[in-house]
Amino acid sequence: FGPRLFLIRVAQQVGPSAPVRRRLASIAGMAVITATVIGAPAADGWQRGCALASSQAVSLGERALGSHEAAVSTPSTRSGGGAGRHCGEHSSEGSSGGVSGEAGGGANGDGQAQSSQSRDETDARMPPVASLALMILYPLLHGISLVVVIPTADDYAHRLGGDQLFAGLMISGVPVGATLGIIMCTQALRKITFKPLLAVLAMGSIFGQVLYALAGLMHFKYTLLMARFFAGLFMGYSLPSKYIGMTVGIKRRSEVIMYYSATNTLGYAVGPALAALLEYFIKSIRIHNLILDSDTVPGWCVALIYSCFLVLCAILFEDPPAEVSAPQAASSSAPGGDRLPVIAVCAAFWHLCISSAVLTIVEVYIVNLGQHQWGWSIAQSAMLLAALMLCSGMVNMGMG
Numbered sequence: 318f319g320p321r322l323f324l325i326r327v328a329q330q331v332g333p334s335a336p337v338r339r340r341l342a343s344i345a346g347m348a349v350i351t352a353t354v355i356g357a358p359a360a361d362g363w364q365r366g367c368a369l370a371s372s373q374a375v376s377l378g379e380r381a382l383g384s385h386e387a388a389v390s391t392p393s394t395r396s397g398g399g400a401g402r403h404c405g406e407h408s409s410e411g412s413s414g415g416v417s418g419e420a421g422g423g424a425n426g427d428g429q430a431q432s433s434q435s436r437d438e439t440d441a442r443m444p445p446v447a448s449l450a451l452m453i454l455y456p457l458l459h460g461i462s463l464v465v466v467i468p469t470a471d472d473y474a475h476r477l478g479g480d481q482l483f484a485g486l487m488i489s490g491v492p493v494g495a496t497l498g499i500i501m502c503t504q505a506l507r508k509i510t511f512k513p514l515l516a517v518l519a520m521g522s523i524f525g526q527v528l529y530a531l532a533g534l535m536h537f538k539y540t541l542l543m544a545r546f547f548a549g550l551f552m553g554y555s556l557p558s559k560y561i562g563m564t565v566g567i568k569r570r571s572e573v574i575m576y577y578s579a580t581n582t583l584g585y586a587v588g589p590a591l592a593a594l595l596e597y598f599i600k601s602i603r604i605h606n607l608i609l610d611s612d613t614v615p616g617w618c619v620a621l622i623y624s625c626f627l628v629l630c631a632i633l634f635e636d637p638p639a640e641v642s643a644p645q646a647a648s649s650s651a652p653g654g655d656r657l658p659v660i661a662v663c664a665a666f667w668h669l670c671i672s673s674a675v676l677t678i679v680e681v682y683i684v685n686l687g688q689h690q691w692g693w694s695i696a697q698s699a700m701l702l703a704a705l706m707l708c709s710g711m712v713n714m715g716m717g
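Under the working numbering, the sequence shown is numbered contiguously, ending at residue 717.
To be clear, the hints were calculated from the coordinates, so they are not data collected in a lab. Careful: at least some of the hints might be erroneous.
[Stated by the list, open to error] Simulated restraints, written as ranges between beta carbons of each label pair:
1. C663 with S601: 45 to 53 angstroms
2. M520 with R476: 27 to 35 angstroms
3. P658 with I678: 26 to 34 angstroms
4. H605 with H689: 17 to 25 angstroms
5. K600 with V659: 52 to 60 angstroms
Every residue gets a Cβ at the ideal spot worked out from N, C-alpha and C, and that includes glycine.
Start from the sequences, fold in the hints, and give me the full structure.
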C-alpha cells in the first residue's frame with residue numbers, strides 16, 4: 318500500500334489532467350505483474366513516511382491558499398473613499414475612479430470565490446457508489462483468479478504429464494498475460510468506454526477459466542498454459558486504478574486507493590480458502606471425473622464468479638462523464654514544481670516488484686511445504702495459506 322500511495326501523491330503533484338498519471342498507473346501495474354503476482358504488497362515502513370509527507374504538503378497548500386485569498390480580498394474590503402483617492406491619483410475623476418475600483422475589486426473577489434469553490438468541488442468529487450464499489454471489488458477477483466489454483470496446480474500438472482516447473486509456469490502465465498492486457502486496455506479505452514470494456518474482459522476471463530476446467534477432459538497439458546494466459550490477458554489489472562484516478566478527487570483518492578489495495582490483498586486469502594472449501598465440497602458429494610474434480614472445480618467456480626460480476630456491471634455500473642474519461646494531450650512543458658521525481662518513482666516501482674515476487678514465492682513454497690514435506694492434504698495446505706494471507710491483508714488495512 319505504501320508505494321501505491323506514494324505514486325498517487327506524485328500523480329497529484331503532476332496534475333489531475335496530465336497523461337503522466339495514467340502512465341504511472343500502467344507502469345506500476347507492470348512492475349507488480351512482472352514479479353509473477355497480481356496484488357498490492359503490504360509496505361509498512363512506507364506508509365507512515367507517505368502519510369507524514371502528505372500531511373505536510375496539505376498543510377503547506379492550505380497556508381498558501383489562505384495567503385492568496387487574503388491578498389485577493391484586500392482590495393474589495395477597502396472603503397469607498399480610499400478606493401476613490403487611490404484611483405484619483407491616476408485619473409481626473411476621483412469619485413468615478415473610486416466606484417470603478419470598488420466594482421473591480423468586488424468582481425475580482427467573486428471570481429476568486431467561484432474559482433475556489435469549483436476547485437474544492439473537483440478535489441472532492443466522487444463517482445456513483447455502485448460503480449466505485451464494483452471497481453473496488455474487481456481487484457478481489459484478480460487475487461482470487463491468481464491464487465485459487467496454487468493449492469491444486471502441482472497435482473493438476475502431474476496428472477496431465479507435467480512437473481513442478483510446468484506448475485510454476487501455469488501460475489506465472491497469468492502475469493505474463495496481464496502485462497499484455499495492460500497495453501490492450503490502454504488502447505481500448507481510446508475507442509470505447511469503461512462499461513463495454515469491463516463486459517469484454519469479464520467474458521474473456523470466463524473463457525479462460527472454462528478452458529482451464531476443461532483441460533482434464535482434453536488431456537493436453539499446454540491447454541493449462543493457454544487458459545492461464547487468457548485469464549491474465551482479460552484480467553484488466555490496471556483498469557481500477559485508471560478509473561479511480563479519473564473519477565475520484567484528490568481529497569478522497571488516497572482513501573479509495575487504500576480500499577483498493579486492501580481488497581486486492583484480501584483476494585490472496587479468499588482464493589486459497591475458496592480452494593479448500595471446494596476440495597471439501599467435491600469430496601463430500603463424491604464426484605470425481607474428467608470434467609469436475611478437485612483440480613477443475615476452481616476454474617468452474619471462478620467462471621461463475623465472473624459471470625455474476627458481468628451481470629452486476631450490466632445493471633449497476635455507470636460510465637464516467639465524457640469530459641473526465643476523454644484522453645488529453647500532454648503539455649509541451651511543465652512548471653518547475655510539477656516535475657516528476659524519477660528516482661523516487663523508480664524506487665516505488667522496485668519496491669512493488671520485489672515485494673510482489675516475495676509474496677508469490679511464499680505462497681508457492683507454503684503449499685509445497687505442506688503437501689510434500691508435512692503430508693498435508695490440498696485443503697489443509699490451502700487453509701494455512703489463506704490464514705497467512707488474511708494476516709497480511711489485515712495488516713495492510715490496519716496500516717492504511
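_Of the numbered hints stated earlier in the document, which are not met by this structure?_
none
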